[in-house]
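Can you build the whole structure from these sequences, using the hints too?
In order, the protein sequence lines correspond to chains W and G.
Numbered by our numbering, the letters in the first sequence go through residues 1 to 769 in order.
Numbered by our numbering, the letters in the second sequence go through residues 1 to 769 in order.
Just so you know, these hints were derived from the structure itself, not from any lab.
Incorrect hints may appear among the rest.
[To be verified] Chain W stretches covered by chain G per the calculated footprint, using a threshold of three residues with CB under 8 Å from any CB of chain G:
1) 53-62
2) 482-495
3) 553-564
[What the hints assert, rightly or not] Computed cross-link-like contacts, DMTMM-like style, restricted to lysine to aspartate or glutamate with a CA-CA straight-line distance of at most 25 Å:
4) G/K75 - W/E64
5) W/K75 - W/D175
6) G/K650 - G/D665
7) G/K75 - G/E387
8) W/K187 - G/E534
9) W/K399 - G/D576
10) G/K75 - W/E61
11) W/K75 - G/D576
12) G/K399 - W/E731
13) G/K306 - G/D665
14) G/K399 - G/E534
15) G/K187 - G/E61
16) W/K187 - G/E742
17) G/K399 - G/D319
18) W/K399 - G/D569
19) G/K306 - G/E292
20) W/K306 - W/E6
21) G/K187 - W/E61
22) G/K75 - G/E395
23) G/K306 - G/E742
24) G/K650 - G/D703
25) G/K187 - W/E64
26) W/K306 - W/D569
27) G/K399 - W/D569
28) W/K75 - G/E64
[What the hints assert, rightly or not] Between beta-carbon pairs, the in silico distance windows are:
29) G/S184 - W/S213: 16 to 24 Å
30) W/D169 - G/S184: 24 to 32 Å
31) G/P98 - W/S213: 42 to 50 Å
32) W/R551 - G/G721: 55 to 63 Å
33) W/S614 - G/E472: 19 to 27 Å
34) W/R540 - G/T573: 21 to 29 Å
Just so it is clear, CB atoms sit at the ideal spot from N, CA and C, and this is done for glycine as well.
There are 2 protein chains.
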Amino acid sequence: MSHVLESTVFDPSRLLLEETLFHCANGYLGVRGNFEEGYPEGLASVRGSYINAFYDTHPIEHPERLYGFPETGEKIVNVTDAQGIVLIVGGERVVLEPGRTRGYRRSLDLGTGVASRSFVWRSSTGTELAVGVRRLVSLSTRELFAVEYSVAALASALDLELIIGLDGDVENFFDPSDPRVSGSAFKPLEVLSSEASASGRGGRLYVESRTRSTAVSLGVLSDFSCEGGSGLEVGALRTATGASARLLFHLEPGEVFRLTRKNFYADSRRHGRVAGSVRAIAARLDSRSFEELAAEQAEILAGFWKRAGVEIGGDGGLDEGLRFNLYQLLQSAPCDGASSIPAKGLSGEGYEGHYFWDAEIYMLPFFCYTNPALARGMLMYRHSTLEGARAHAREMGQKRGAAFPWRTIAGRECSAYYPSGSAQYHINADIAYAAWRYYEATADLGFLVEGGAELLLETARLWLALGHPSPEGFRIEAVTGPDEYTCIVDNNYYTNAMAAFNLEKALEARAILASQAPRELSALELRLGLGEEERTLMARAAASMYLPHDRERDVSPQDDGFLRKAPWDFAGTPADHYPLLLHYHHLTLRRFQVCKQADAVLAHFLLPGLAAESTVRNSYAYYEGITTHDSSLSYAAFAAMAARLGDAEKALRYFAETVRLDLDDAHGNTKDGLHAANMGGTWLALVFGFGGFRPLGEAIGLDPVLPRAWTGLSFRIAYRGRSVLVRSRREGAVPRTEVTLEAGEAIRVEHGSGSSLLSASSPLELPPS
Amino acid sequence: MSHVLESTVFDPSRLLLEETLFHCANGYLGVRGNFEEGYPEGLASVRGSYINAFYDTHPIEHPERLYGFPETGEKIVNVTDAQGIVLIVGGERVVLEPGRTRGYRRSLDLGTGVASRSFVWRSSTGTELAVGVRRLVSLSTRELFAVEYSVAALASALDLELIIGLDGDVENFFDPSDPRVSGSAFKPLEVLSSEASASGRGGRLYVESRTRSTAVSLGVLSDFSCEGGSGLEVGALRTATGASARLLFHLEPGEVFRLTRKNFYADSRRHGRVAGSVRAIAARLDSRSFEELAAEQAEILAGFWKRAGVEIGGDGGLDEGLRFNLYQLLQSAPCDGASSIPAKGLSGEGYEGHYFWDAEIYMLPFFCYTNPALARGMLMYRHSTLEGARAHAREMGQKRGAAFPWRTIAGRECSAYYPSGSAQYHINADIAYAAWRYYEATADLGFLVEGGAELLLETARLWLALGHPSPEGFRIEAVTGPDEYTCIVDNNYYTNAMAAFNLEKALEARAILASQAPRELSALELRLGLGEEERTLMARAAASMYLPHDRERDVSPQDDGFLRKAPWDFAGTPADHYPLLLHYHHLTLRRFQVCKQADAVLAHFLLPGLAAESTVRNSYAYYEGITTHDSSLSYAAFAAMAARLGDAEKALRYFAETVRLDLDDAHGNTKDGLHAANMGGTWLALVFGFGGFRPLGEAIGLDPVLPRAWTGLSFRIAYRGRSVLVRSRREGAVPRTEVTLEAGEAIRVEHGSGSSLLSASSPLELPPS
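So this is what it looks like as structure tokens:
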């Protein structure tokens, strides 16, 4: 499943957008698609490289500070810039100025994981040269960002100067004329030392820095070598904040000069002593050419597409978007258990590199069912921040359990606005949900032992501390659900439903440990001080959880008061007043029946069987009429539910909104970074929606539906050691589905017309639904 | 009714507190009780003079800014300091150092309105001198702060130097070590010019300044003259930021030197050109001695105490507190229609000089029934900010009507935290309530015409825009009631009840204008675009207002969900965790049945007849059990309702908490300024509670109850041109009440056993209740 994303016109107005779209990342390191040589004066660019979870803190000033308001924020750091390669011809610097450039092309090959750029540049005297750049951020060596920079003389011979820069004098993006976009100036990196050396046809640059507040070190080492050209002179220079090398050489017409630059990043949180680490990694890869690195990258991607590739027959536009999205998810996923996927991946500074609930609910499933080790890593990261979550629970007033922060990097609550921040307690159930789904999909007992059970139990405890039993059931007051247009309500349907699941699965996880790892369970329960009494309360709360239900309409109300509120005046809302949150006060929005995104509908999607089929159907119709989808997370849930309810055509309309959201810059803010969760939502909508996939413990469910425009749909699911290939194809008016067990033991498959055993010996043909 | 507040020990730990308690003010100008000569090094003092509504703006930075969050705050300005008088003997500066001072005494005479201070000081060589200071902030000339400073030589002759300072280099109080108390540094006054002149035995200092952002000018002129002493030399000096005069003189043993200093303040918002204004006022008072000014002040106060004095028989401690409170209310009340009473009066910088709802609900009634012109002025101030309130309504999303800001000076919303700020929409009903009560108490048709009706109608409109009809009545969602421990709820009982009153009285006011000022009404309705249709909606909303009621408990729930929440764990709350808001997150507080202050109880108090007697009684008992009184406003409402429900002993316990709250510094923060609203609450509890007074349109109601400890209670009420004197006295076990009509036409008095006509010819004897 190969595809190349391409841009053949240099359009300055798309510069910021393309910096995001063409960024290269690997879950540890992300490098925006900036031009090595820089830009003509006056062009806005966000030049940035980011290391996942490499952050510094800053004070949060509240104009009115109340108890429990966070005082310190965390922010991802724009790290040492290793992108700079400046080329000078006859005293003129090569920059892509209009009228001086032709043959511009940039591309990102989703099949090989290499971004390329090429152009022909003409000097003021008419001399032309061709530049070609290839870059990759390695999926095998996470610390590596490699660049191959080629210059060719065309008609005339050239004397060239090339400057390789490693710049530690970096800061985060900040536009003082619009502080709302980027907060305030943030320059947390302090350069401690720099080195530069050169010899023969290569050299090495090194810059070591440290964050001011958190005192985490960063070492960036650039090894470079070159071939081609003649009369080469290489010099090196270090300054207080950086290092650079200067190469002088001569090219005859048609001759090519090729620079290979390997940049290695290490931070003291993961690597300990950074200088030694980058040197060791560099030594290991010393002999590898860019070509070899690219081949390795292509091999990894081939494996990825094989496992995770999804194919839609009959719609090339969707297919392109889909591939782009899955590629970006892969690029964004860390594997170190010390980080998760930020809201914007590693493609920009939007949301400050923070992790939110969408990591678990929107992105993790893709990995859970295609590459479970990455899902495990994301959950182990949460587990690593459990101590902070416990402290946050205490601060918020809950005497037991853990309350994960709404937005964070290292585990500290960084949301400065609690009504749509800390009040979103559902994030705890979301993490627990993902933990359980991971276990369900892998039967990974080690995960439960090493942290999964603790995650489930500590979040379950929180609900006991947060809610209370009442004659009508277990109630949870003063929370905000996923729909941030209705902040601070009682008994948010989503929250209560997910909390019940959390409580139930925590007890189930405990039961599993009790039978399969009793000693580890005893140790855990002793450490947590968790006993019989609390377990009884958990079971009661789970069983008696109050879920609002409106009998008259047979709808799940979003919260206790939701259906009694006045309807929003959609007819009287000008088109340019969307998203509503930019044009109406939060209090006004809360006063009406209007939703930013799926809330009760999402609960019905995540928890099949939660409500009666009629309630699910009525609720879908009801909320569809009052949801603005002002959040990019909304479409996916509506798409998935529409498909599940059998309306493939409507599902397709919503799905189409998710698939090309960033490619088409539909929200106008992809420049700040990708909408990574929406990308996960695309996969969810496709596999859980159209594919009708659902995990059912020992079994799986599959009920594919195809919109008329599609000729087919295929995807693979990894489940408890199996690889299941699902292929639906339209035959005349009727879609037919073939399910093949490619690896692993036989498994039961539930579908619309019953249940069948899928074994390696024979593919399963699902009857048309 | 005279009383002297006195302090005879200079206790540095009480310095800040006494600066508040002994401050002098007149509703326009307030001067804290700072020592003219300054303090020994290291003593914390808040040196301040304030002009009501003289403010500057500052940006409000939100760490997470959402639509409609205020961007600009207003803050009262610490103005040019005219308090400084430095005395030097033999090179030593006279300062109250321990061991160097005896005979210290400071006092505030509530009967004459003069603050005094005296002490004997001993130099390092043992020479003693006596200092006496008297100061008054004039209740007749609001621009005047007068000081008389006397020095007497005791055993030895003295050569003295005295420096009179007028200091424009002032800034608001700011403690950088604790920015939570006082926000950030604020120095908005810029000195434009200064003058200093001296001749013979007197001179004149002048400083003109301007606020940086709002560009409002301030002129402060100090005229001084002196008598006594010999060998007088007077010099004057001006600097870039101030002016001063230096007096050298000789005193023989027993001789007294007396300086009279008259400081005049004018601001360009009220006075236009300030330099001319202060000069004109100074010229008018040029010949007045301090003695004459003091006599005039005493006369005004005699009139005040006659009209507004209240006497409790049998409890001196309460009596002292009560007098202090009423005096402070008088001192705090402006009469210019361009300002109201800040939360701290003019005694300190707490709450930034802002006006809140308590001006209308807690303080205005005292004036309304004793000095209605001042109540009118407070309401006309609100009317003057109506344009801003309309703009605020739009910003908050209400298409019609006016939404007064929760805290403001000039009409801008200055609350940076909307859940307990702008969400407190009840302030609009509170203002309307006060406007109606004022009209009811005065039948002042001119008020309705000049602004009262517009206030009532524009606030009434707001409820139509905010709420909506529903099968169960007119509902109002997403508001915060007076109880700030339960923010953002649906159908807050207080808000809905007051809104219904607002709607009803707006229509009543309109009907009055329709019959008595039809042309003015037409003009108003034309201007407001207010027609029949909207009036019909108002009438419907008023008649169908949804008021939560719990049948089982026969209690008025504070909001839709209140009674379904879990009870607060009072037993598990450590005593040092009060006030709760300093120890628990707002969300936690909202999750439980716990109140900061009276809410439904206050509604029952303000709107007699709103609920059935049994509901009122049950609600009182219910909320009493869950109210922490963490707001100083709470006790008064509970006191008043307890008295009204016949439990005089309990009422007394609550009342006692209100009466000496500042005198005894019960909340530990009187240093930041008085709890002015609580002072109004004292009067409310006494007259509306113990006195059983209530306005009933053409009639009044009176049903006094006396706690056992009291031998009597007397107060006066001004009502529709009458002066009604109410005197209750205990005769044996039974309290008897005599009501006398001192002025005005006969009036019907409703009381427990029926209704009687009170005429001038014969006092009414109310039967014991």
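Numbers of unmet hints, in rising order: Result: hints 8, 11, 12, 13, 16, 17, 26 break, sorted rising.
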